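Below are the chains, spelled out letter by letter.
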Amino acid sequence: MWMYTFKRLIQGVITVWFIATATFFGMHNVPGDPLSGERAANETIRANLEARYGLDRPLIEQYGIFMRNMLRGDFGISYTQQNREVNDIIREHFPVSATLGVLAVLFAALGGILWGALTALYRNRLPDYIIMFLVILGISVPSFVFAGIGQLTLVNLNDALGFSVLPVAGWGTVAHMLLPALVLGLGTMAYMTRLMRSSMLEVMSSDYIRTAKAKGLSPTRIFTRHQLRNAVLPVITVLGPAIAAITTGGFVVELVFAIPGLGRYFVQAVQQLDYTVIMGTTVFYGSFLVFMVIVVDLVYGWIDPRVRLQ
Amino acid sequence: MATNKTIRTLRPADFEPLGDQSSAPLLVRPSRSYWQDAWGRLKANKRALVSLYIIIALMIFTFIGPLVWRVDPALQDIDQISIAPGADRRAIVVEPFEAWDGLSGAEGSGFRLVGEPTTQSVRLKWDVMPAAEAYRLYRNIYPPQSLFALGLPLLETNNNQQTAYEDRLDLSPKTYYYSIAALDELGQLTGDYDTLTADVTRVITVNEVRSRGLVENPDALQPGDQVMLKWHPLGTDYLGRDMLARLMAGARVSLFIGLLAPLMFVTFGVLYGATAGFLSGRVDSVMMRFADFVVALPFLLFMILFQVVFGIGPGESGIIPMLIALVILSWPATARLVRGQILQIREEAYVSAARLLGASHNYLILRHMIPNTLGVILVTLTFAVPTAIFTEAFLSFIGMGVAPPTASWGSMSNEGLKTMLTHPHELIFPALMISITVLAFNLLGDGLRDALDAKMRSSE
Chain A
1 MWMYTFKRLI
11 QGVITVWFIA
21 TATFFGMHNV
31 PGDPLSGERA
41 ANETIRANLE
51 ARYGLDRPLI
61 EQYGIFMRNM
71 LRGDFGISYT
81 QQNREVNDII
91 REHFPVSATL
101 GVLAVLFAAL
111 GGILWGALTA
121 LYRNRLPDYI
131 IMFLVILGIS
141 VPSFVFAGIG
151 QLTLVNLNDA
161 LGFSVLPVAG
171 WGTVAHMLLP
181 ALVLGLGTMA
191 YMTRLMRSSM
201 LEVMSSDYIR
211 TAKAKGLSPT
221 RIFTRHQLRN
231 AVLPVITVLG
241 PAIAAITTGG
251 FVVELVFAIP
261 GLGRYFVQAV
271 QQLDYTVIMG
281 TTVFYGSFLV
291 FMVIVVDLVY
301 GWIDPRVRLQ
Chain B
311 MATNKTIRTL
321 RPADFEPLGD
331 QSSAPLLVRP
341 SRSYWQDAWG
351 RLKANKRALV
361 SLYIIIALMI
371 FTFIGPLVWR
381 VDPALQDIDQ
391 ISIAPGADRR
401 AIVVEPFEAW
411 DGLSGAEGSG
421 FRLVGEPTTQ
431 SVRLKWDVMP
441 AAEAYRLYRN
451 IYPPQSLFAL
461 GLPLLETNNN
471 QQTAYEDRLD
481 LSPKTYYYSI
491 AALDELGQLT
501 GDYDTLTADV
511 TRVITVNEVR
521 SRGLVENPDA
531 LQPGDQVMLK
541 WHPLGTDYLG
551 RDMLARLMAG
561 ARVSLFIGLL
571 APLMFVTFGV
581 LYGATAGFLS
591 GRVDSVMMRF
601 ADFVVALPFL
611 LFMILFQVVF
621 GIGPGESGII
631 PMLIALVILS
641 WPATARLVRG
651 QILQIREEAY
661 VSAARLLGAS
671 HNYLILRHMI
681 PNTLGVILVT
691 LTFAVPTAIF
701 TEAFLSFIGM
711 GVAPPTASWG
721 SMSNEGLKTM
731 LTHPHELIFP
741 ALMISITVLA
751 FNLLGDGLRD
761 ALDAKMRSSE
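Chains as they are written, first to last, in the working numbering: chain A, 1 to 310; chain B, 311 to 770.
Calculated directly from the structure, the hints in this document are not laboratory data. As the structure is a computational prediction, the values presented were derived from the model and not from experiment. Careful, some of the hints might be misleading.
[What the hints assert, rightly or not] With the C-beta cut set under 7 Å, the calculated list includes, among others, these residues of chain B facing chain A:
hint: 1; residue: Pro340
hint: 2; residue: Gly420
hint: 3; residue: Phe707
hint: 4; residue: Leu727
[What the hints assert, rightly or not] If we take Cβ atoms under 8 Å as the criterion, some of the chain B residues that face chain A in the derived model are:
hint: 5; residue: Leu615
hint: 6; residue: Gly685
hint: 7; residue: Ile708
hint: 8; residue: Ser745
hint: 9; residue: Leu749
hint: 10; residue: Asn752
[Said to hold, decoys possible] Beta-carbon label-pair distances, calculated as ranges:
hint: 11; chain 1: B; residue 1: Arg522; chain 2: A; residue 2: Arg52; range: 39 to 49 Å
hint: 12; chain 1: A; residue 1: Leu110; chain 2: B; residue 2: Leu385; range: 13 to 23 Å
hint: 13; chain 1: B; residue 1: Ala664; chain 2: A; residue 2: Trp2; range: 39 to 49 Å
hint: 14; chain 1: A; residue 1: Ala47; chain 2: B; residue 2: Gln386; range: 30 to 40 Å
hint: 15; chain 1: A; residue 1: Thr153; chain 2: B; residue 2: Gly425; range: 38 to 48 Å
We put the CB at the ideal spot given by N, CA and C, even for glycine.
Chain B on its own, in the form it takes in the complex (with noise of 0.2 Å):
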């Protein structure tokens, strides 16, 4: 009998228990999560990266900055009002102030100065003029072009006899450009007038220099010395207040409500929505029809309204109340995102085979449903700081946010809005930071979304 060679007698070995052998294919690389692998995404995004890193600075310069910067936000230095960045702050130091008997160092003829122009005073005289019954003196901060453009009138007499004054007025060292106009009996300009030019200089007394601290040893100083003024790094703004040290204040609150308002009112439309979409049935369309009503206000109209329900009382900054309106407002949103996702995971085949597989509700929930929107949640809230700031500026700058004199950017921009013109680094600085966090925060949340969903990924 022939036997088959490929079949082999069965010995009783054979029948020994495999062992650890595994018929898987082996990994050639490790497992990653599904976080480790949207934050390999994240940082293969450079701009969401960069953004990230701006960020971490902008906090850096809103909780170390004051550390280091121990500059009051409130403290006004009037001998700087508005000035910009890298001004002059040099200024020579003189003797105190004496009033002028508007004789003492009059020699010479016409409309001249007498003594040095300071920002301590200018002093001006001029001859009687042969038509005049009396004067009328102007300052202007340009050459005036004709005789009813001179500028701010500073001093109207009431005879021909007064040929001398003093000015004080809010001094600041640059040119200025006076006129002398006469005026005939009745008090009208009768067309002769002459202008003069004045270049002020900072000087500043040795009782100022020792009452600021601004000299180790006051008592040398000689008329004459020179002395540094204190720094601005980013200028003052027109109460004289530090720049630099205002928008770190003011970066403290609009964080504060850029941060802590998205937080809480996601938090709350997390768990609305996810209530909503495990109830379901009923429960479900009466509390979504709720959020629809909210979603229905007209969102700014009623932002202002709530800053005066939650009422601003004298010297409370309205950074509460604002918080609350906003909270109240903006959840809807997240209820509906969160609400859609839960039912539509409920769904899910692999919901359904954990189901199958005698899973609890807890695991179910703690397992498949945050894991599972969680990516979502934390693209919102990163979409949801910025409109949370931009709101914050909005309405403290239409005035009814933030109450001064508590720093906020927005409120720093409106006072910034109305000097302008002639000292923009007031509104540029504010501006900037506000554009500066929300450009970051809207990049980073670009690049979050494009990280952690797949969907989006393939399609751009």
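Same shape as in the complex, but just chain A (with noise of 0.2 Å):
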């Protein structure tokens, strides 16, 4: 167990060094960089600038600086946000963004459990037909056609009632929050609830449960005791991913519902190419995600004994 931790780990600090390297040396070759723009006005400016900045060096000792000061845990400074850390950025904005993956997680786990258990019970009855339309609907719909339907609605929702029952966008409190963790957790429950259906089907139709069946068990202690536990281990899998997914996916939902969250930073330090910014957030999320699989799957290790990890 502690050596299968270790060694997943050791792996997840390399995965980290090469997510690290790679965004680097890709992100140094773009044309353009961030001082190019209104700030350098002449030659004598941007020179002082990029020897400010240490860009004026070769790449591979730029390299070797940045990569000194990543294990310190330093990123330095924001190129285009003045005299803003990028460990700033990171420790202002990540909150907001985990928050909404938090809850979308919660969402999207809870929801996809309860329904999936659901249409496995009512299997081929009417709710499971309308529990699986839904999820149908869920994956194919993308989740920014998801954030301006339920805006619209609440805004028309709001108008008719003539006073606001959610707030159609910005951050701040739990009402906040709502309608946005909900888009971004739809899609993941609607993928959720599938894989639940059908790992609950297979244990509805396993040994131990015609066994646990004929000791006269009632139905709930079968339920929660045996299908529910068994048939959640497939479900948890893929919680990791799924964590993934979101955390890095509440771009768009970020961007519709005008939420201060790191993505937005992102994608605009993309755009700027600011150099520090984009390296402390792939960086940061990198591990973030790499970590997170590694939780999921010590979880599910020892949720599952049947799973001996090595």
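Dock chain to chain to rebuild the complex, using the hints, since each chain is given by itself in its own frame.
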């Protein structure tokens, strides 16, 4: 167990290093740089700025400096936002993205498990058909469409009722979070429902359920102790990638609902080629995702004793 | 000596060869290959079949549609901006525009219209208000409720003698509410205001009818005649471009990326995974480690980064960079899958049997490996299509994908979202196209998986 964890962590570190290196060299090969634009008025100013940010040194030396600073957890100062440290940007805006992401994952996981179990129990009856239709819809409609439709409905609803049920956009209170989180989680929820349904159906037809029934266990106990517990396992494995998809996929929702999350800053930084912010966010997100996947794998081994971690 | 009757004396004829008689049981049904069987199962699946028809219809829409509906998707119809499908497109022919002096035809009193309000111009005239030092004129599309919600300021005078205004600002055929408010000497609202309603009608001059070729013989037109403006079956967007033509142009981009990218990365993934699976051992583990790295990359972050790395120059559409980025990032899933399949098939008894019978390497690959992985590959391919379409739409939506003015469903949705509250059709149509396409490919993928995988069939 410990050996396995250690091995996975080492692998994770190598992956993060790979991500950082690939991003670093990819980014520096892009035509243009953060200083082109109105800031560098003439050659002298430009040379001074380059010297200040260390952009005049050979790329490999810059890489060395970057790596050394990264190991100390320092990503430097943003090139385009005056005197703002990348660490500060992450510290201020990641909690917003994370809150939204956690809420969306919660919606997705709870909703997916609940709906999936329901459809399996009502297999080939009306509730099954209705939920599966909604699931197909959830998988096939992009999140920005949901976001748009959600906003439209909310505007009309608020208009019709004469008071604000939920705010249409913005960030701050719990009320601001509900609709964006739901929109963000819908696709994953649909996917998890489908997964839960098929896994539940498989469990329901297995021998130990028949044994449990033969023993005379109550249906509720069979459902909670045997069916749900066993069926949830495959759903948990996709939770890691799902968290990854939701946290990084929040860009659109952040954009539509005017939420000051990290995703928006990342897109902005990429457009302006703000090297330090790009590096900081990529490495941060990369480590976060790699870590999440490892955690989910470990949790999986802990829940399912049949899985031997090695 | 009693002879045993059951033992017959052998005759020479008994030693003749048996001939063509076969002891095998007669086949009652014609034998069907794996693919015939799968096709039969797919045909029995109504949802998958309907999806297949939808996809065929989509192909017709994309490739034959532009031949039938020959409207340039970039052409702007400035008379009809952001109109909904089925909107009224009658226009009344009028005299060419002539500037108004602010006096002629201005009889009457109070805040009033001069002449008919048309899309050419709305002429307004008001009387000098007793306490006013100057005026501010507003236009609104809703009836104004209070002094502070009068709408868009059109004019602010610096004396109280100017009492006429001709509004020509972006008029469309609907009802406008004009308000005139009196200002004091400091330019502050005095609280005195008057509102009137103008029902604007759409008009067109003979010259415009001629230049747009709306009727056969424009010279025979008299003022007051009706002409029909160009027909836009699905309405127009915020620049007055035909939605149907743009949806077709967008379909070409979306499907180009949606079909070609999966085709390319699945092919690469198959080659990569099959090589790793065949060679096995050290090479395999190194190759798969690399695939693991690519999988671990945060997909969306890297898609956005790639868009910048490959760079969209001015005037480029950004389609090719997106294609490359998708291929670079998406192949490992297929590679893993195919490698797993190959490793599994290698250990199957029938492969060992074929080896014992002296089958060559090529025979094993062509007869056993490829046919047995083809089903899985086909299913992967079908499921990769909606993902690629989604990715394109997503990137174009956040403005990092297909660059305007190239139409794609994603970029059209992006534009549509801005005008969603007033003109929902501009968002609904591209969104609907994406959803239907993705839905069809998902259902087809489901159907294919059930049809090709006998194991799936028995469990569900």
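*So which hints don't hold here, by number, going up?*
1, 2, 6, 11, 12, 14
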